[in-house]
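Protein chains: 2
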Amino acid sequence: MRMAELSAESGVPVATVKYYLREGLLFPGERTSPNQARYSAAHVQRLRLVKALTEVGGLPLASVGAVLAAIDGDATPHETMGVVQQELAGPPPKVSGEAAEWAAGLLHELALRHGWKWHGMEDYTVGNLVAALATAKELGHEKLAERLDEYFALAMRVAELDVEVVTGLTSFDKIIEAGLVATVLGDRIFTGLRHLAQEFVSREVLNRAP
Amino acid sequence: MRMAELSAESGVPVATVKYYLREGLLFPGERTSPNQARYSAAHVQRLRLVKALTEVGGLPLASVGAVLAAIDGDATPHETMGVVQQELAGPPPKVSGEAAEWAAGLLHELALRHGWKWHGMEDYTVGNLVAALATAKELGHEKLAERLDEYFALAMRVAELDVEVVTGLTSFDKIIEAGLVATVLGDRIFTGLRHLAQEFVSREVLNRAP
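These protein sequence lines are chains A and B, in that order.
So for the first sequence, the UniProt record's numbering puts the first residue at 1; every next one is plus one.
So for the second sequence, the UniProt record's numbering puts the first residue at 1; every next one is plus one.
Hints were generated in silico from the structure; no laboratory data involved.
Do not take every clue at face value.
No copy is singled out in the list; a pair is fine if it fits within one copy or between any two copies.
Under the rule of at most 35 Å between Cα atoms (straight-line distance), these lysine-lysine pairs were calculated in the DSBU-like manner [as the list claims (entries may be wrong)]: (1) K137 / K94; (2) K117 / K18; (3) K51 / K18; (4) K137 / K117; (5) K137 / K51; (6) K143 / K51; (7) K137 / K174; (8) K143 / K117; (9) K174 / K18.
Please construct the entire structure, taking both the sequences and the accompanying hints into account.
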């Protein structure tokens, strides 16, 4: 298909498609004349993916580039998902002092208890978790942390479901893409469901007048 | 305490404290002379809360203002949490067409099946969920949606835990603040735990070379 059709099919404006081509977020089409190229269904899918990552996932374009480079590389699906997670988490806010040490200790113990690999504070996922837990403590709301084991047990069940959804697919390319979709959209979807569930569960308890 | 001490205690720079005072994000101190005021522990806590919402929660200042106005108002905890959820979700990206209709239908059925109130597409939580599900379908990864009931069942268990943590507190003011903390930080914490769990669960399955 031509550029105009690619744009219509993917819902991405022509100027944006050209920008993505220049930035390397979209691979070039097959050249048919000095200033024309032919694009395929793979181009449509890639544009939809970029749109999903930016519009629904809220990722900045630089992170989208890093994620796509990981997808296109020859890393294993597991390594690729590692890159995706780091980009999604982003660099954590700085925390230090007693609360930060307490939070790091708590999480390290959790890791030891469950036998997962401890990546240390340089890992963005770990760093952001520590920042959130330390902030809760500083606010005097560390009760959340007392139930961390229960939250983690539920997170494990969600992750098992995620992996089941993703590995039901046959090709490795599809699995990596599905892993990306499951992570980026899956985070949004689960958070939304949790909010709906919170409203449902708390209606009785929290609806008394103050 | 004086302004300098308030700044040191909360970790928020003096210029930022003054800006928050002007913007109404922080209530004024008790005036002790024409250009001096005395601040209390409540001011420190409020500044820590603003910091948590912006730095860890990633909320823009306008949303922080709306959330604090809701907290300070005389709505029930349940209504207050409704405002918090809308601000956290933000306006959804525009989706339309077949995929959007499919996603809205799916979610509406889920609501009917579980007996929760259907707020319709104007609700930001619902709108964002529909956008994420529709995007997954457009990308050909609607398998996620086939397991929506299972995801929702787990979200219900997380929400039950959330409400338990929050309602263990005695005063209504504390409950509202804890609800805010549990939602803003709780979303970050659960997403982080899910990512760690995904890595743990998928190590075996996804670590084969492509």
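Hint check:
1. In this homomeric assembly, K137 and K94 come within 35 Å of each other (Cα to Cα) only inside a single copy, at 15 Å, whereas the closest approach across copies is 38 Å.
2. Neither within a single protomer nor between protomers do K117 and K18 lie at most 35 Å apart by alpha-carbon distance, with minima of 42 Å and 44 Å respectively.
3. Only within a single protomer do K51 and K18 lie at most 35 Å apart by alpha-carbon distance; the minimum there is 14 Å, versus 40 Å between protomers.
4. For a Cα distance limit of 35 Å, the shortest separation of K137 from K117 qualifies both inside one copy, at 25 Å, and across copies, at 34 Å.
5. Taking the shortest Cα distances, K137 and K51 sit within 35 Å of each other only across copies (13 Å), while inside one copy they are farther apart (37 Å).
6. With identical chains, the CA atoms of K143 and K51 are at most 35 Å apart between copies only, with a shortest distance of 19 Å across copies and 39 Å within one.
7. Taking the shortest alpha-carbon separations for K137 and K174, only the inter-copy value of 14 Å comes in at or below 35 Å, while the best intra-copy value is 41 Å.
8. Taking the shortest Cα distances, K143 and K117 sit within 35 Å of each other both inside one copy (25 Å) and across copies (29 Å).
9. For the identical chains of this complex, K174 and K18 are intra-copy neighbours only, at 26 Å inside a copy versus 52 Å across copies, given an alpha-carbon limit of 35 Å.
When the structure is compared with the earlier hints, a violation turns up for hint 2 alone.
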